[in-house]
Amino acid sequence: MKRKELQHLYWRAGFGSNSKSLKTLPKSREQVVENLFKSSKSSTPLQIDMSFMDGISNESLKNNPKFAQELRVKSRKKVVELNYAWVNQLVQPKELLREKMTLFWANHFVCKDNNVVYAQKFNNTLRAHALGDFRTFVKAISKEAAMLKYLNGKQNRKAKPNENFARELMELFTLGEGQYSETDIKESARAFTGYNHNFNGDFRFRKRQHDEGLKTFLGKTGNFSGDDIVDIILEDRQCALYISKKIYRYFVNPEPNKKHIEAMADVFFKDYNIEKLMRYIFMSDWFYQEENIGAKIKSPIEFLVGMVNVVPVKFEKEKDLLKIQKLLGQTLLDPPNVAGWKINKAWIDANTIMVRLKLPSVLLNNAMISLKEEGDFNDNFRKKFFKRNKGKLPFKVLPDWDTFSENFKFAKTENLEDYIIQGPVNKGTLDYLETLNKGSKRDYCVQLMSLPEYQMC
Amino acid sequence: MERRKFLKNSALASGLFFVPSFVKALESVATERLGYKRLVIIQLAGGNDGLNTIIPYNNDIYYNSRPRLAITKDIIKLNDNLGFHPSLAPLRSLFDKGELSVINNVGYPNPVRSHFRSMDIWQTASGSDEYLQSGWLGRYLDRHGKKPYNAIEMDEQLSLAMKGEHFNGIATSDYKVLYRSAKDPYFKNVINHYNDAHLSEHNLGYLYQTMIEAKSSANYIYDNTKVKLSQQEYPQNKFAKQLKNVAQFINSDLDTKVFYTSLGGFDTHANQNNKQSRLLSQYAESVSAFVKDLKRDKTFEDTLILTFSEFGRRLKQNAANGTDHGAANNVFVIGKNLKKAGFYNNLGSLNDLDDNGDLKYTIDFRSIYATILSQWMDVSAEDIIPAKQKLLDFI
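In order, the protein sequences belong to chains A and B.
Residue 1 is where the first sequence starts when you use this note's numbering, and the numbers rise one by one after that.
Residue 458 is where the second sequence starts when you use this note's numbering, and the numbers rise one by one after that.
In isolation and in its complexed conformation, chain B is listed as follows:
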């Protein structure tokens, strides 16, 4: 006998079909949807070198500062000053169609050059002198989320960005594995026997409630994800797989507002060029496939894709043909009907750097978050982004 069948039968035998009503209530799917607009975050971890991504190809300072590192060949020129790294070729058509907005010089006051700290700042939307214990998307969930699956991270661990004060998103690199562990018959029996209507009032109740919610989220994702194979071809790498799964969830119409993905390896202190070329190719090819997949299912217009990195890199190359941690960097926003596509603003002056020789920021990253929350997600940014922000007009 199959194990699955076997277990099913034994559950039958024990006659445990009674499901307490509060468990049902918790497991029932919220009828009220959060709306259709979705946000996909792509985190480039390690500090992507923005100056070799969007290249100031007419600028002597750029070439002089990077004698062995400046990109000289096959630059994809987009205007008189700026061009794509050759690896970004797959994104050219998005740029041309007005579906990509490049925001230059994004950062924050008193930039921190530690990966961990700067990533925390980006993920919590804090200033460089404050320590927040919840992420900006987590705080969005606190106020507007109903179920853990309203925000899904395509990883085994949940990033700080997705942790709220009271409410967290769910992390899963493989929803089928999540489903299989949650459906262990032993857990099912325990939940079905549990009797206490006062869930979450005390620690033990909270544990049971979270267990029930985890199980119901795993079930929800599993039951509602359409398994029909996407006709879109994706590159063969982990990052592409993350985006492929996101597309599957979006095209299955899951009630998930936020998806979080990540591509690492951008900390290019030595021999940068090959490494960055490879990573940018992975990024661009995967994103291009992802957008095509969404367009095929007509879900692209309800999806906004934000790409960021925790900091940019120093203008001057180092002795090891790499670059060291910098400050302000570019951010990509991809979507349909952008208000201001192409280059949102000019690249900051390479003549006017900060004390470390890094680009100065002109746009606070938190104003991008605030704009996305209020103009895209249709919620007030005020209690989610701590410091008051000027709204931008890219969407």
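Same shape as in the complex, but just chain A:
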């Protein structure tokens, strides 16, 4: 495999690469891809300290509304802790591809819960099924406490059905808009009646609230359960097509290519095995075509994680990590609504572009982007500049440039753009980069990261 292809694969299956990690990879595509899947066989769940819940039961809360309120506040704070734990796991993953897939699925099966126990459980369910069987996955999602709360599944009872989950199940999770009728929604909602969960977040089926009557759904009639509904949906190739398109837009190119998506759907429809589908993509020649390399705009999390993969940073205040996510427009565990974040161009507006262009220099170089033409910034000036800026910076971070130097020791400074920037660079910008004095690898790295081109992967 060519270096550019390897970098491409590692941007899509992960969060970029560096000159050192690229050296250690095998030569053949088959082996590289095989390694990716092999190292994602296991799953490392997020596990934050939940001891604040020890000994607390539903009963103890019922009799003490004030305590219940305090607990809710505590839980909401814990969700922030979970956010940090997730970001850290993305930065240092044991199972790279699985983590990337988890991030993808979190914006597919979109859910949000202020109960940190349920939120963590939901997140780990995404992770456990991320490369598994889509059928089992959907069924598991339909039984998650967080989802039962988020889309009102637990209010869905025989006497008073709630259609919210049934609607989104088809519209967003499996088939896409316009592939079913309002009657299909009503009938399938009846099949999910009685779904509930206990205090710990485990699924509970309340038989008395379940509608045992006949339902007619997508042309079939029977006393269907919720699982039956999922099975019937998956009989429609449209489901395989819908998921393939979404995966294509995320992992290959935001511009859909009908031929490739159809081919993916053929693979996926056979047994809805996510791993097989991903393997098919990463082994396809078209995945590595020029038009797909550097074609997508990084999500804020891809941008942030990718950046600290190049130069590791230590945040002195963890809160800053949350602030940065907010400024960039994507706070993990806090999606805007059930449709999730819109991707690609939707990440960028006049506000976020400035934040993105400015962030690398703020985090890594005290907000300075060197102009480095001969004699510009001597060390004396740099010292003065830093002194003046001290305390004025919005974030307190410690960049680890030693690790950067080690990881990029195989990259010559004048070729650093080949490693840092993934897609084509604008001709004029390329001319400008030519004029820069490349005396310092660090400065050049910050300069490259402060370009619109760095937003692409």
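Just so you know, these hints were derived from the structure itself, not from any lab.
Accuracy of the hints is not assured; some may be wrong.
[Said to hold, decoys possible] Footprint (simulated), chain B over chain A, 3 or more residues, beta carbon under 8 Å: (1) 58 to 71; (2) 344 to 357; (3) 420 to 428; (4) 449 to 455.
Just so it is clear, CB atoms sit at the ideal spot from N, CA and C, and this is done for glycine as well.
Given chain A, work out where chain B should sit, using these hints.
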């Protein structure tokens, strides 16, 4: 040497004065103005308790439902039934002059009691069963905006309300900081070298175009904002600072149609009275100063101020001397020449509550939006507010 000077010189030295014409075209200020009528939104985040804001002081149900929470002293009586919370005293003169309209029982069908969801509903103008990904002011920008600075939010992040399908407003809590980061000489050099006339046709072009627009918006705001100090005194708090900046922009005649401000902390589940009194004081004092500032510059007549909260609170107080999330609530409209000032409508019956014990809505908030769009902003509300709305006659 000063850093600024130093950088200027080094830019000179590199001889980079050539600015491609399309960059100029993008940076040039639109000669065609959007008109002078401006809208200022004030969002009271957390769910303001409307019943302790506009108080039904002659209603036994009110007092019985809130034995320890009902306001009993210093109510500013405005008619036989309703009065202001004492903290709203600074707004009394606006009310008396016919520059304030209080619209009661504003809400929507099947109200949602989650902050986030209900705020989304208000910001996107959706029904409670639909999820829209763009805000109502964003959709206004989609159709009638030309530059990001046509809508400014006085915050670091942009609210969903200000995000359109294709076009977003700009968010800045400090326009000088925005200007300073945008004018980094490195960015200037990159933009000046950029050559591709086919902006926005592909992702990279879109990134450059947005970068250029951000820079030009930052420049526009900075260059056109008059720095002369306002003679108006404002209270010392963050919210007042937001309004002060808005007044500065309006009085500098920026081509900005929509300003978005926010005051948070209204989620008063416990020990409500002190907290709400303090917040309402901040609100009323700041708004009063803001209106005076505008009047001084004669810009008040072209400004409409809309205050809302994502929901009201339950009539019955809770055990912690607070209130829980409710439904319908009041909305304030402030401006000159209101058609129907004072109380636009009566407060809904406290006898006829919904299943949760909350006020029922009689006016859909989307009809207020539609009225503002068509009667004030002078545009068709039809493709901005999704569901057809009956127009009201407060303006």
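- prompt: Which earlier hints can't be squared with this structure?
  reply: none
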